[in-house]
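Peer 1: Residue numbers (the working numbering), protein chains in the order written: chain W, 1 to 139; chain L, 1 to 139; chain P, 1 to 139; chain Y, 1 to 139.
A portion of the hints provided could be inaccurate.
Remember, identical chains collapse to one label, so a pair may be satisfied in a single copy or spanning two.
Computed cross-link-like contacts, EDC-like style, restricted to lysine to aspartate or glutamate with a CA-CA straight-line distance of at most 16 Å [stated by the list, open to error]:
no., residue 1, residue 2
1, Lys91, Asp29
2, Lys91, Asp23
3, Lys75, Asp28
4, Lys125, Asp42
5, Lys76, Asp28
6, Lys91, Asp121
7, Lys125, Glu93
8, Lys76, Glu16
Since the hints were derived computationally from the structure, they do not count as laboratory data.
No experiment lies behind these values; they were computed from the predicted model shown.
Number of protein chains: 4
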Amino acid sequence: MTLALNREELTDYLAEVFPQIRDDFAIDDLTENTITMRLLTDDRHLRPGGTVSGPSMFALADVAVYAMVLARVGKKALAVTTNCSLDFMRKPEAGRDVIAHCRLLKLGRVLAVGDVLMVSDGGDKPVARATLTYSIPPR
Amino acid sequence: MTLALNREELTDYLAEVFPQIRDDFAIDDLTENTITMRLLTDDRHLRPGGTVSGPSMFALADVAVYAMVLARVGKKALAVTTNCSLDFMRKPEAGRDVIAHCRLLKLGRVLAVGDVLMVSDGGDKPVARATLTYSIPPR
Amino acid sequence: MTLALNREELTDYLAEVFPQIRDDFAIDDLTENTITMRLLTDDRHLRPGGTVSGPSMFALADVAVYAMVLARVGKKALAVTTNCSLDFMRKPEAGRDVIAHCRLLKLGRVLAVGDVLMVSDGGDKPVARATLTYSIPPR
Amino acid sequence: MTLALNREELTDYLAEVFPQIRDDFAIDDLTENTITMRLLTDDRHLRPGGTVSGPSMFALADVAVYAMVLARVGKKALAVTTNCSLDFMRKPEAGRDVIAHCRLLKLGRVLAVGDVLMVSDGGDKPVARATLTYSIPPR
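The shape of chain W in the complex, shown without the other chains:
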């Protein structure tokens, strides 16, 4: 059980297959079962009142699990999200990055499941959580 892609390879591959989001996210940390993904919060991620929008938090959780799965199975850009549950619990702090702590709970032949706890950078209370299922294309 080792990583198919290390942090640098994964960063490069995400930038290659999703060039439009390369300025939105950064990988802070990667292990065999966890990834820490950062939303580089910018005006375009905010909703009125200055907090990070729901779609931006969905995108963060989605890319975190996607990246975790690719880190393990290699360059399979066609993995697709089949299911997501999200709980929004507190308002993210304005002007802060959002940090997603993702754990890989299952990596099957066909399905992978990861959950994600999101906090404002420097904060300790969860602002949101998510669980996502990815369908992995056959070899």
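Keeping the supplied structure of chain W fixed, place chains L, P and Y upon it in accordance with the hints.
Peer 2: Relative to chain W, chains L, P and Y alone:
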């Protein structure tokens, strides 16, 4: 049980509180318990391969339920999403709007629940479904 | 697109593979894309206060989607639930059966998705909703 | 931030308000933000093949979050589940208790959110996960 805001009033109010999304969505239809919301699909909503991205579909479902709730309770911009479940079932057709058919399932004093079935414009098979819970601020 | 099992065959097969629940559920109606499943409410389904318990409503939604999938793919007892989202919206009425109206939203090679709206028998307001994903074993 | 009920008080109160489940569950551990709840697996919790049934795992997750909330807010039997998401990831091992590790993620005035990771006793791979939202009755 009547609407607090009609279609025109609701469209204007959404444009006022969320000016950044006024070119993304249009309300096709509104009744006391249902709303039909259209994602005016544009390049910025797409992911590689030309299909509508997950965050764009989340945003569509989220704004549909938000608009439905406001149509009933009036101008309470501060209603917030507390929970969302999403199932992605088919690839949306490239170059088509996505149409969200939303039903209000519950409108309580504190919580509102709506579900959403999404199809590609002109198609009949669901591309995704979602259920969202909104917390309604006290009067 | 026709049914692999009709209502009688499906009832018999469920009784064969899940004998312990044969007195709990009845199929009221079955079409190619919908099933109506009834929880034959009894003391063992209740929680204090006389309303139907959460686990009983989960079981009803779960068996409804399971039966719908089997009606289409035939006798594949080993289909397993991989994901479920549930919203509990109103207290079921005491002493009434709960009726689950299930729609099949997707029947893929590997995954099937169905959603379920639950009402108290004779009532019209939803008491709960659910969406379930089943993984279908390979032929 | 202290516990309103300790482990013994909580065990007694659950037995008082839900006498029908007193033989199904035991509290292994309780802290200010976590609870470990055990399903005392018995024949009535199994499905064909000898694995723990979906409704029994739902019930375990549900009672774990309920107990965690009561441990903090005190004897408010009327707290009700409003939402649940569940992912079933592996077959529980036959003949083993299922252990639910629950974390309280939010305890608001109106809503509480907890997530739950379930493993077979003695195993380390998650068999299922769940997140539940409870609505807390006003004082």
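Peer 1: Decide, hint by hint, whether the structure agrees.
Peer 2: Evaluation of the provided hints:
1. Taking CA atoms no more than 16 Å apart as the test, Lys91 paired with Asp29 passes in neither setting, with 24 Å inside one copy and 31 Å between copies.
2. Taking the shortest Cα distances, Lys91 and Asp23 never come within 16 Å of each other, neither inside one copy (23 Å) nor across copies (26 Å).
3. Taking identical chains as interchangeable, the C-alpha atoms of Lys75 and Asp28 are never at most 16 Å apart, the minima being 20 Å within one chain and 40 Å between chains.
4. Proximity of Lys125 to Asp42 under the C-alpha cut-off of 16 Å is found in neither arrangement, the shortest distances being 21 Å within a copy and 36 Å between copies.
5. Taking CA atoms no more than 16 Å apart as the test, Lys76 paired with Asp28 passes in neither setting, with 22 Å inside one copy and 38 Å between copies.
6. For the identical chains of this complex, Lys91 and Asp121 are intra-copy neighbours only, at 13 Å inside a copy versus 34 Å across copies, given an alpha-carbon limit of 16 Å.
7. With identical chains, the CA atoms of Lys125 and Glu93 are at most 16 Å apart within one copy only, with a shortest distance of 11 Å there and 34 Å across copies.
8. Proximity of Lys76 and Glu16 under a CA criterion of 16 Å is satisfied intra-copy only: 12 Å inside one chain copy versus 42 Å between copies.
The structure fails hints 1, 2, 3, 4 and 5 (numbered hints given earlier, in ascending order).
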